[in-house]
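Chemist: Read off the chains here:
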Amino acid sequence: MADTKNTDAFVEFERVQKSYDGENLVVKDLNLSLPKGEFLTMLGPSGSGKTTCLMMLAGFETATYGDIRLDGVSINNIPPHKRGIGMVFQNYALFPHMTVAENLSFPLEVRKMGKSEREEKVKRALGMVQMGDFGGRRPAQLSGGQQQRIALARALVFEPELVLMDEPLGALDKQLRETLQFEITKLAHDLGITVVYVTHDQTEALTMSDRVAVFDDGRIQQLAPPDQLYEAPENSFVAQFIGENNTLEGMVKEIKGGVALVQLDSGEIIEAKPINVSKAGERTRVSIRPERVEYNKERMRDGAFTLKAEVLEFIYMGDIFRTRLRVAGTDDFIIKTRNAPDQTRLTPGTQIEIGWLPEDCRALDA
Amino acid sequence: MALSALNSDSNFTNFDQADGETMSDAQTAQTASSAAAARIADAAHTGPMLAADGTPLKKSLNRALRVQKMRALALIAPLLIFVLVTFIAPIADMLFRSVENDIVSETLPRTTTMLSGWGEKGTDIPGEPVFEALYQDMFVAQEAKLHTRLGSRLNYELTGASSLFRKSGRKVQDMGEVYQDQFEDLDGFWKKGENWNSFMASDAWLAAMDGWKKANGPQPRFELRDGIAQTLPATADIYVKYADFIQNVDKANLSKKDPWALVYSSLYRDLSGENGLSSYTGPAAAELAAAATAASTFETVNYTDAFKKIDRDWHKLDIWQTIKVYSPKFTSGYFLNAIDMQKSVDGAEMRPENEQIYGLLFWRTMVMSLTITLSCILLGYPVAWILANLPARTANLLLILVLLPFWTSLLVRTSAWKVMLQQQGVINDTLVWLGIVATDDRLALINNSTGTVIAMTHILLPFMILPMYSVMQTIQPTYLRAAKSLGATNWTAFWRVYFPQSMPGIGAGSILVFILAIGYYITPAIVGGTEGTFISNRIAYHISSSLNWGLGAALGAILLAAVLLLYYAYDKIVGIDNVKLG
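Order-wise, the sequence lines are chains A and B.
Under this note's numbering, read the first sequence as residues 929 to 1294, first letter to last.
Under this note's numbering, read the second sequence as residues 40 to 621, first letter to last.
For the record, the hints were derived by calculation from the structure and aren't laboratory data.
We treat Cβ as the ideally placed atom computed from N, Cα and C, and that holds for glycine.
One thing to keep in mind: the hints can contain errors.
[Stated by the list, open to error] Short, incomplete list of chain B residues facing chain A, as computed with Cβ under 7 Å:
{"#": "1", "residue": "N140"}
{"#": "2", "residue": "S144"}
{"#": "3", "residue": "G256"}
{"#": "4", "residue": "R403"}
{"#": "5", "residue": "V406"}
{"#": "6", "residue": "P516"}
{"#": "7", "residue": "R520"}
{"#": "8", "residue": "S524"}
{"#": "9", "residue": "L525"}
{"#": "10", "residue": "G526"}
{"#": "11", "residue": "T528"}
{"#": "12", "residue": "W534"}
The shape of chain B in the complex, shown without the other chains (with noise of 0.2 Å):
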């Protein structure tokens, strides 16, 4: 009766749920009419539901939850911590090199902003103004011993790069000399750096440094004397710069110091040019105007023709293409490497067909993986299944048998399998003892794919059955009992009801031996030889024998990212909580 009156009751969205209850019980259809009537009176309160002094019961509850939330969150934190400090924050940072690139125009700030300008898809090289902004960046460069570094990473995008800069590093000291003898020769005044202090540095600056020492403290920081920069804009840019790297880099007494060429080229296009001299009364004023008289005379430099004499391949397109490329902050330069294209003037492209090896790479590590993986589900299941149905005693002691690898060095089991699988290992010996295999002709098991897969099979085997054992226990025999009184036969009983029930071990252990096995490294590296080896060996070879920990990043951003789509689609299809792992 109380049944019927609750179902022509339609304001009930709840009423599913109390409705099997119902059915299924008579005796409780008078509890679920009492609910129900519980339910009316909440749905007749409009509004949120208050707490007894007023405040809204969701705020009262989180305001009583929040001790034990810190409390536990109090708990986590020393582990958090660690992982976020040694693992998080290193793998963030590692990913992060993967577009970071700006070495370029770091090193080469003057240049980059030049060749903004410069029609990179044209035929010709830039021009003077941007061989001389070459020239003061490689200056400053090669005295923080920065252009190597610079070579180095351009080498990676274009092979030459790296001895080219190392060259051209150590020649363009002497580029400026002309300058710098020029001015000397007018005048003795232009030889000596704390005269230059005298007109470039602020008053207050030279009476700080005036009897300074060493053991004083600091050197006072250099400060640039007002006004002058209006006056020789190019000079005292160089100049700070220079005063900066002489006190921070070389932690020299600047007045002690006499100015680089590279000051003096820098002068002598300020007295060339455009300048404020005519207004300048202060210190030297007779010195710049001598010299600014002179410098019409000088002898000039052609820095296009410098370069060229240095190197004839900075009248070459391609290391102009490739600075221009690479001269923004960030680059897709590594992931189109790690995908086997590059970056040209022309966006990107694919490497000729002999450079490409990353693709191959990854479609082989995907291909063997899912073999071990499939391996190890194939001989896991009946081990798991043994020991999931035997009494449990009898299942321990077999069960450390499983788990005796784990106890072994992975370098001792992988150097086992040489010995097993080469050419005069032992089973290859047993083949043809046996007279399967004949002697010339022995099987090639290692150094090889087959070699992986048989070595990581069995390393990763424990992966596989430990999840499956432990989903396998939790199935009842009853099940197995209740298929074949149903009238399935042995065979039926296990596909259509066992099989399905271990599904979840064998989702766990396969996402755990595919996992694994995608970025193993010690033992492809050991028995894969050339074509069994995995991009993850090619990673290593980046982060410590290439160091270009970019194009490293990069591959393993990717290697990343496919796992994570993998674990995607597992989800969608079979549904993570469908994994258990015990």
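So that you can see chain A by itself, here it is in the shape it has in the complex (with noise of 0.2 Å):
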């Protein structure tokens, strides 16, 4: 990554590697480092290592090899409560004994706060997490929501320059998640927190960060904005994770001019802006977004590449049409169109020409 060594960098890992069983690298190579104030997402599917770098940050794991370093300052060998460090878990982990006040006020009395101070903190972190009427209750007598909220107040009640939080949503239902998404993101930004957050669930990762760190068989795969991860994925990992995506699989036939000419597997030659492919004769996937590709005549773009298709399926989804399509062999070619007055719903079985521009066709790594 080009902004490793940056030295303004708060949080750095160097060359980390780590190994559970000496045979197999869970996290192969890690170099990322992230300004003060970033919200980072480590987005990954599951076993990809992306828990096990923020176990090493937090200090609960130790690594193989490499240097992670906060502030400058090398904590490979600083214990995990010496930190400094807030940490949100995904199962919350409020002590059960303790009401909501004694939770948010642990932090604070292990670090030999006046009782006076400690209560003013408590009062200040739950305000900020709208919870102030809650200090007297058990976790156990709160939604997971509101539990959640206490361990966001908890991790914050410190004042830590650095949060993470490991899948803090994965136990809430949709609609609560989408409000803690936001909040979270809010209270981050006010407080100009560093965050490392992660994920597994894209949507997530895509409205809350800044940058994502897309994670796969241990090593960063992408670190993007999040609109760049969706709109250039570098590789077919990364276009295939995030979002819908349509591939496309053939060699490349010549490369110039920056465009690429890739003949797919049932004979098309189609046009595709190169990304990973270098030269003629490589195996290519190509990757086009089913909301770049059109169908509707009048809406074609000047220069757009078209193909035949056949209508298979036609799935009505409210805000958009989701329609399958059989093109060039493959039976799984999904568009999507707006739910717009003027559009046309497709009829299964109709034969119809798709067509899209070649800079949003990506020839990606097979």
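Work from the hints to combine the two standalone chains into their complex.
Modeler: And the structure:
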């Protein structure tokens, strides 16, 4: 990554490796740095190493090799309780035998803070998550959403500069999750804290983060702001993992003038933007987002590349129509169209012509 | 908006909860408000809720659930009946013995009645009527061989009572023979049992007995002649007893038996005292009239002197005081004995210092059980912690080691400790070999309280480890991680976060171990010597050796009450819902 060894980096991973059994690497040569105040999300399927990275940063796992620095200081040998990093766990980890206020007071007590100061801070932190009236309750008396707010308040009450969140919204229902996503982001920006957030929910990652690190197989596949990640995936894993994606497999015939000619396995030749293909003869996966495909001739833009297709299935989803097509030999080519008054609803069995702009079509690794 | 509207409405008692939910999730405010609207509808409906057919909803629900309840009851019925019959009922019966005392008033009914008029706090022994009643009671009792049982019972309270009753039982038979001889000398008529029956029994019974043989089935039950109870009250009273005894205890033919000496002395009493003979016209009226005339010249017996002749103890106050104090059907005597007190004519009083033993034993049982519980906690906690934090495979393997003692006989384990702990035993030998202890100064580890504590801690340890282990297993490691991430050191994280959550396990283990320890019997009996035995050993002694079941039951009842009291205290202080066995 270009921004390693950045001088104003607040958190830095340098060549970090982690192995549990001495045979397999769970984290492979991780380099990552983030400036103060950034909201970074580690996104990836389970087993991709993202939680391990978070645990190494928190101090619950030690790196097998490499250096982790916080504010320029190597923290490899600092025990977790001295790192001063706030942490929010997936199952909240609120101490069940303490009231909400006692839970919040705990990090202040271990820091030997005076009683009045403690009460002041606990009150402020509860107010911050709109749970001011709940100080006397036990965690078991709260709903999941309320517990997570308290967990958040507890991670923030001792004013850490870095807060780690390990799938904090995983156990909540969709509506509550969206509310809390918004609140967490707002709180993080208002307080100016640095957040490292782990999730496997791509929507969460895209809506909350300044930057997203997509993990797979112990490596960061792409580290970019959400819009770049979605619109310009750097490899086929990221393209597949983030959002919905149509893939056509083929071979590069020729690359010239920033355009790659790809011969699909079904024989058609299409134009695509070469991303990580460099020479003719390479296998490639061409990726096109479903909403960038057009079938209405009137709306088709100039220079669009067209292809024949057969409608297999039409799904009405309210705000959009989702249509499954047979294109170039694949049965699962999806297009999404907005539900507009002049939009035609395709009937299965009809033959149509679809088209897209060559720059929306990215030739990625096979 | 909906939220503030609801807040202003103070009619809702249930609002607190709804408030919490709406506060947290703005989206659910809408649902909460509609739920509240539904509740308004309910509130407007006064009176009980009705089912569709108009019956009250509660009744309807109960009816619907009754079948389920009956089915559930039927499922547990076999065990319930088994436990009731084989466990609860015997225990209740046993505990009832701790207050039951009808043996005195049943064996000496006349004496105890007569004694009610006697001032037990005075210095005089009871008068002649009491001794006469004692003669009658003792005579009947010795025929039924019940006097020795009563002697043993009273011996618990007064040493010597047992031999006094046995001796008196033998000699009381001769006491009334003076009258028997005089009646028989007067007229041969009085010798024969059938002659007695002829005027004591009803005509119907006599007819039924005529020609009766054993082969004919059960002997017709003796019936008293009409009016004879008025004519000869004392004789009729004794005769009924005599007839009943012969027919039902001896299983002999009443018409072939000659009466007890007691019957003759009763007849003498009737003839010489108040009677209705003047108007009597029934069978043997002539013989009775002749006897009545002769009776005034009969040689008499002074029962007071007669009993004194048997044993001088009958003329001492304490036997009479004991009989009087223990004459009620129920007594607190066993319980008083169980707490080193005794029942006397002046009420309850402490026993002399040198006879006090149960208070000490109860105290020792409590203290040693607490010591054992505490050592189990100290030894078991780290083990349970390791077990809970190991991977499941290793933990299961180690758990077998913990459970191993369960698979060995208790007796074998206890005997093994005997080998280990004795002065020439393995532990002392090792200590001597290591030079820690001098050869002639070997540690006394057995036949004292140390031995009991060591052996019982070992035996009860699994009962402590298992509940602690199962509770610790449920404590997620993220709690410790969370505590550390919040800045707690390892120790603070353990003490403030882990330990409080493991308390239910400690509580469950402690209750188990303590209650088991308090009633332990075999191990203290084997390794405890004299100063390491528990109250349970004393209970066992009274149940199986001294046969003072009443005292054993009283001690057991006190032990049970102590356990329940501790359980109650635990519930009040820690809370029984804080106890988890798994």
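Chemist: Quick check on B:V406 please, does its C-beta sit within 7 Å of some C-beta on chain A?
Modeler: violated (31 Å)
Chemist: For the restraint on B:G526, tell me whether the closest CB of chain A is nearer than 7 Å.
Modeler: holds (5 Å)
Chemist: Regarding the hint that B:P516 lies at the interface with chain A, is the smallest CB-CB distance below 7 Å?
Modeler: Cβ of B:P516 sits 9 Å from chain A, so the hint is violated.
Chemist: Quick check on B:W534 please, does its C-beta sit within 7 Å of some C-beta on chain A?
Modeler: Because about 11 Å separates B:W534 from the closest Cβ in chain A, which is outside the 7 Å limit, the hint is violated.
Chemist: For the restraint on B:N140, tell me whether the closest CB of chain A is nearer than 7 Å.
Modeler: The hint is violated - B:N140 has no Cβ within 7 Å of chain A, the shortest such distance being about 52 Å.
Chemist: For the hint on B:T528, just tell me whether its beta-carbon gets within less than 7 Å of chain A.
Modeler: holds (6 Å)
Chemist: Holds or violated: the hint that B:S524 contacts chain A, with Cβ atoms closer than 7 Å.
Modeler: holds (4 Å)
Chemist: B:L525 was flagged as interface toward chain A. Is the shortest Cβ-Cβ separation under 7 Å?
Modeler: With a closest approach of 4 Å, the B:L525 hint holds.
Chemist: Do the numbers back the hint for B:R520, that is, is its least Cβ distance to chain A under 7 Å?
Modeler: holds (6 Å)
Chemist: Holds or violated: is the Cβ of B:R403 closer than 7 Å to a Cβ in chain A?
Modeler: violated (36 Å)
Chemist: Should the hint that B:G256 touches chain A count as held when the rule is a Cβ pair under 7 Å?
Modeler: With Cβ-Cβ at 76 Å, over 7 Å, it is violated.
Chemist: Once the shortest beta carbon distance from B:S144 to chain A is found, is it less than 7 Å?
Modeler: violated (59 Å)
Taken one by one, the earlier hints fail for this structure at numbers 1, 2, 3, 4, 5, 6, 12, listed in ascending order.
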